[in-house]
Amino acid sequence: MSYQQRNVMVALVTHLMIAVYFVINWLVMYTGEGLVAKRVFTLWLTVIVATIVVTILGTILTNIVSAIANAIKNGSEKVETFIEDERDKLIDLKGTRISYVVFCVGVGLAMLSFVLNQPALIMFSVIILFSLLSEIAGDIFKLVRYQRGA
Amino acid sequence: MPKPHIHNNIRKLRFNHDEMTQEELAEKAGVTRQTIIAIESAKYSPSLELAFKIAAVFGVPLDEVFVYETDISTE
Numbered sequence: 148m149s150y151q152q153r154n155v156m157v158a159l160v161t162h163l164m165i166a167v168y169f170v171i172n173w174l175v176m177y178t179g180e181g182l183v184a185k186r187v188f189t190l191w192l193t194v195i196v197a198t199i200v201v202t203i204l205g206t207i208l209t210n211i212v213s214a215i216a217n218a219i220k221n222g223s224e225k226v227e228t229f230i231e232d233e234r235d236k237l238i239d240l241k242g243t244r245i246s247y248v249v250f251c252v253g254v255g256l257a258m259l260s261f262v263l264n265q266p267a268l269i270m271f272s273v274i275i276l277f278s279l280l281s282e283i284a285g286d287i288f289k290l291v292r293y294q295r296g297a
Numbered sequence: 112m113p114k115p116h117i118h119n120n121i122r123k124l125r126f127n128h129d130e131m132t133q134e135e136l137a138e139k140a141g142v143t144r145q146t147i148i149a150i151e152s153a154k155y156s157p158s159l160e161l162a163f164k165i166a167a168v169f170g171v172p173l174d175e176v177f178v179y180e181t182d183i184s185t186e
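Protein chains in written order, with this note's numbering: chain Y, 148 to 297; chain D, 112 to 186.
For the record, the hints were derived by calculation from the structure and aren't laboratory data. Misleading hints may appear alongside valid ones.
Said to hold, decoys possible - EDC-like, lysine to aspartate or glutamate: derived pairs with alpha carbons at most 20 Å apart:
id, chain 1, residue 1, chain 2, residue 2
1, Y, K236, D, E151
2, D, K123, Y, D232
3, D, K164, Y, E180
4, Y, K236, D, E138
5, D, K154, Y, E180
6, D, K164, D, D129
7, Y, K220, D, D129
8, D, K164, Y, D232
As the list claims (entries may be wrong) - Now the in silico label distances, taken between C-beta atoms and shown as ranges:
id, chain 1, residue 1, chain 2, residue 2, range
9, Y, V160, D, E138, 29 to 39 Å
10, Y, T189, D, Y179, 54 to 64 Å
11, D, R122, Y, I219, 25 to 35 Å
12, D, A167, Y, N217, 28 to 38 Å
13, Y, K185, D, K154, 19 to 29 Å
14, D, G141, Y, V262, 26 to 36 Å
15, D, R144, Y, Y177, 41 to 51 Å
16, D, T181, Y, T209, 57 to 67 Å
17, Y, Q294, D, H118, 40 to 50 Å
18, D, E180, Y, G255, 19 to 29 Å
19, D, I148, Y, T243, 38 to 48 Å
20, D, E180, Y, M270, 24 to 34 Å
21, Y, K236, D, E135, 17 to 27 Å
Said to hold, decoys possible - So these bits of chain D aren't anywhere near chain Y, every CB distance computed over 10 Å:
id, residue
22, D129
23, E130
24, G170
25, F177
Think of the CB as a built atom: it goes at the ideal place given N, C-alpha and C, for glycine as much as any other residue.
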């Protein structure tokens, strides 16, 4: 598994965990005392901060662990180089495009909730859910492209 | 509309250069080994700049590394 694949895998696992955390908390809130603006926005803030912090920490830890594993395996003479070349950038761009498409669908659905006379908090919840789903879709697309080799 | 194909002779050229490994070629061309694997198996078409770099590594003209063909059977 290459350096880029490892980073994408870490990002995918992080986004999946945070999406599950968001959905569980949202369902508990929805079925319990109902959607309250303060709690929804607190959950929103928690999700955004957790996504940033956990992704950064996960990437750093993965790279440290893989560098140590590589040093043990190959000895200290051969240092693993982390190059990002044109193919990585192309896959990254295509993954970002998929993320934007999924997020656009989410924004459309969020606007549709107004048409269906749903409260504004539903719209905000759909937007944050699709921001996570868009990242997951982008990560899966990148992993598939790396697996296929193209 | 004819379907274009880009074939390459990287495997043959590596063999002719003392069995140069994909890792060595990747290092000399400044890309990852995965990119060389993708190019060699014709799953990825490199940029013109990278194509020239690969040709320069082998010391041959570009058209000895990459061959552009159109599939006339689909016309």
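Status of each hint after checking the structure:
Distance restraint check for K236(Y) and E151(D): the Cα-Cα separation of roughly 19 Å lies within the 20 Å cut-off, and the hinted pair is therefore satisfied. Among the hinted pairs, K123(D) with D232(Y) is inconsistent with the structure: their alpha-carbon atoms are about 24 Å apart, more than 20 Å. A distance of roughly 64 Å separates the Cα atoms of K164(D) and E180(Y); the hinted pair therefore is violated under the 20 Å criterion. With a C-alpha separation of about 18 Å, the suggested pair K236(Y) and E138(D) falls inside the 20 Å cut-off, and the hint holds.
A distance of roughly 54 Å separates the Cα atoms of K154(D) and E180(Y); the hinted pair therefore is violated under the 20 Å criterion. Distance restraint check for K164(D) and D129(D): the Cα-Cα separation of roughly 19 Å lies within the 20 Å cut-off, and the hinted pair is therefore satisfied. Between the alpha carbons of K220(Y) and D129(D) the distance comes to roughly 26 Å, so the proposed pair goes past 20 Å and is violated. Proximity of K164(D) to D232(Y) is assessed by CA-CA distance (about 13 Å); at most 20 Å being required, the pair is judged to hold.
For the pair V160(Y) and E138(D), the beta carbons lie near 31 Å from each other, so the given range of 29 to 39 Å is met. The hinted window of 54 to 64 Å between T189(Y) and Y179(D) holds, with their beta carbons roughly 58 Å apart. A hinted range of 25 to 35 Å holds for the C-beta pair R122(D) and I219(Y), which are about 32 Å apart. A hinted range of 28 to 38 Å for the beta carbons of A167(D) and N217(Y) is consistent with their spacing of about 29 Å.
Here the CB-CB span from K185(Y) to K154(D) is close to 51 Å, at odds with the stated 19 to 29 Å. A C-beta distance of roughly 53 Å is found between G141(D) and V262(Y), which places it outside the suggested range of 26 to 36 Å. Checked against the given bound of 41 to 51 Å, the beta carbons of R144(D) and Y177(Y), roughly 49 Å apart, stay inside it. For the pair T181(D) and T209(Y), the beta carbons lie near 44 Å from each other, so the given range of 57 to 67 Å is not met.
Checked against the given bound of 40 to 50 Å, the beta carbons of Q294(Y) and H118(D), roughly 24 Å apart, lie outside it. Between E180(D) and G255(Y) the CB atoms are about 43 Å apart, so this pair departs from the stated range of 19 to 29 Å. The hinted range of 38 to 48 Å is not satisfied by I148(D) and T243(Y), whose Cβ atoms lie roughly 24 Å apart. Checked against the hint of 24 to 34 Å, the pair E180(D) and M270(Y) fails, with Cβ atoms roughly 53 Å apart.
A hinted range of 17 to 27 Å for the beta carbons of K236(Y) and E135(D) is consistent with their spacing of about 23 Å. With a cut of 10 Å on Cβ distances, D129(D) stays outside the contact zone with chain Y, its closest approach being about 20 Å. Non-interface status of E130(D) relative to chain Y is upheld: no Cβ of that chain comes within 10 Å, the nearest being about 19 Å off. Distance to chain Y confirms G170(D) as a non-interface residue, since its nearest Cβ pair spans about 22 Å, more than 10 Å.
The beta carbon of F177(D) is kept farther than 10 Å from every beta carbon of chain Y, the shortest such distance being approximately 15 Å.
In this structure, the earlier hints numbered 2, 3, 5, 7, 13, 14, 16, 17, 18, 19 and 20 are contradicted, and the remaining ones agree with it.
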